[in-house]
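As a plain string of letters, each chain reads:
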Amino acid sequence: MTKYIRLYSLLAALLICVCAAPSWAKVPAELVYQTGKLKPVDSVLNITVGETAPDFALPSLAGKAVQLSSFHGKKNVVISFVPAAFTPICSDQWPGYNIAQDLFEQNDAILLGITADNIPTQYAWTRQMNEGGVWFPVLSDFWPHGKVAQLYGVLRTDGTTERAIFIIDKKGIIRYIDVHDINTRPDLGEIIRSLRKINK
Amino acid sequence: MFRYLSAAIVTVFLFAGAAFAEPMQKGEDFPDITLTGNQTAAQLSYLGLSDNGPWQIKDIDADFVIIEIFSMYCPHCQAEAPSVNKLFTALKKSKSNARIKLIGVGVGNSDFEVNFFRKKYQVEFPLFDDLDFEIHEEVGKPGTPHFFMVDLSEENILKTVSSFAGRMKDPKQFLISLQKAARH
Chain S
0 MTKYIRLYSL LAALLICVCA APSWAKVPAE LVYQTGKLKP VDSVLNITVG ETAPDFALPS
60 LAGKAVQLSS FHGKKNVVIS FVPAAFTPIC SDQWPGYNIA QDLFEQNDAI LLGITADNIP
120 TQYAWTRQMN EGGVWFPVLS DFWPHGKVAQ LYGVLRTDGT TERAIFIIDK KGIIRYIDVH
180 DINTRPDLGE IIRSLRKINK
Chain V
0 MFRYLSAAIV TVFLFAGAAF AEPMQKGEDF PDITLTGNQT AAQLSYLGLS DNGPWQIKDI
60 DADFVIIEIF SMYCPHCQAE APSVNKLFTA LKKSKSNARI KLIGVGVGNS DFEVNFFRKK
120 YQVEFPLFDD LDFEIHEEVG KPGTPHFFMV DLSEENILKT VSSFAGRMKD PKQFLISLQK
180 AARH
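Going down the list, the sequences are from chains S and V.
Be aware that the first sequence starts at 0, since it is given in numbering that gives the first Met the number 0, and climbs by one per residue.
Be aware that the second sequence starts at 0, since it is given in numbering that gives the first Met the number 0, and climbs by one per residue.
Bound-form chain S, shown alone:
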């Protein structure tokens, strides 16, 4: 009996190896999600610099809804939309912002991270970035899907959001917009320089 178990195990191992080896196994192209190089920007902005930022309230990882207008008169707000959890560039954009808490605070700013993922996905993702999660509120624009992204004009046709930065001053006025090429990451320095300019 043990002999058969060993034989079947070896056959199973061989089969798995054949399937796993990329040079041997032919996986049908339609079964593999190929993004290729994504269209840099795939939406049309609904707002411009100088306008009042559209208000919204979204559920956060912390369990409470966060309303944009609650920061009026208190903090500058940096909104960072990123396309999706567990994707390469997004996964190393927020960890950079996570170690830069002092830079945001020195400039009297709060960062709000938004994706169109659901809360459990965001929870798992932010724990992967940092064991204790991230210091800034992460908001879920999952349901109704992409409603806030649509409001700002950064909802892509595939249901993800643009990689976009909006900086809103304490009066609620939009002072900076960067709808970034989705394939690259915005420079943290640019965000901090813009905040310093607002605070002058």
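Read the hints as simulated data drawn from the structure, not as lab findings.
Treat the hints loosely; a few may be bogus.
Stated by the list, open to error - Here are the in silico distance ranges between beta carbons for each label pair:
1) S:L44 / V:D50: 17 to 25 Å
2) V:T88 / S:P87: 28 to 36 Å
3) V:H75 / S:R192: 25 to 33 Å
Quick caveat, the model's predicted, so the values are computed rather than measured.
For each residue, glycine too, the CB sits at the ideal point set by N, CA and C.
Add chain V to chain S, keeping to what the hints say.
Leaving out everything else, chain V in the frame of chain S:
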């Protein structure tokens, strides 16, 4: 049963690994990369460099250079930063200090981002920037962090003597393994 299944799983990973891009490996010629970024006088002196750059890796006054490929945005590099600082301290205290130098290259990072990382983690060894991923491309697109050790002792050729992916377990042991590689 478990033994055979374990063997199967390990084999799967070995085969599956072939699908990923390969960074420069031990024994391969290493490109003479161009280094840019602000350095203090002490950091320039450590590497035996002058002026404001850019510099070539061959300009470094040493027999070997350890290059950490990192990114300010990479959570593993952030977690690894204290260990790399310990590696630098251990290297400075060792007899190999004059022969083996340590530098970091922030791939996809601007000067601002590299300086921020330097300040955040109190990094004393020289860090260079690679905003357009040019160095990253030249060295075979490694993940971050990745450590190369390059032999600079030959006149016209740079040789990769060590290529290590991921986080080190222990800085002192890691240094010993690099020193061993330098002797061969």
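Hint-by-hint comparison with the structure:
1. Distance hint check for L44 (chain S) and D50 (chain V): the Cβ-Cβ separation is about 45 Å, which falls outside the suggested range of 17 to 25 Å.
2. Taken as a hint, the range 28 to 36 Å holds for the pair T88 (chain V) and P87 (chain S), whose Cβ atoms sit roughly 33 Å apart.
3. Between H75 (chain V) and R192 (chain S), the C-beta spacing of about 28 Å keeps the proposed range 25 to 33 Å intact.
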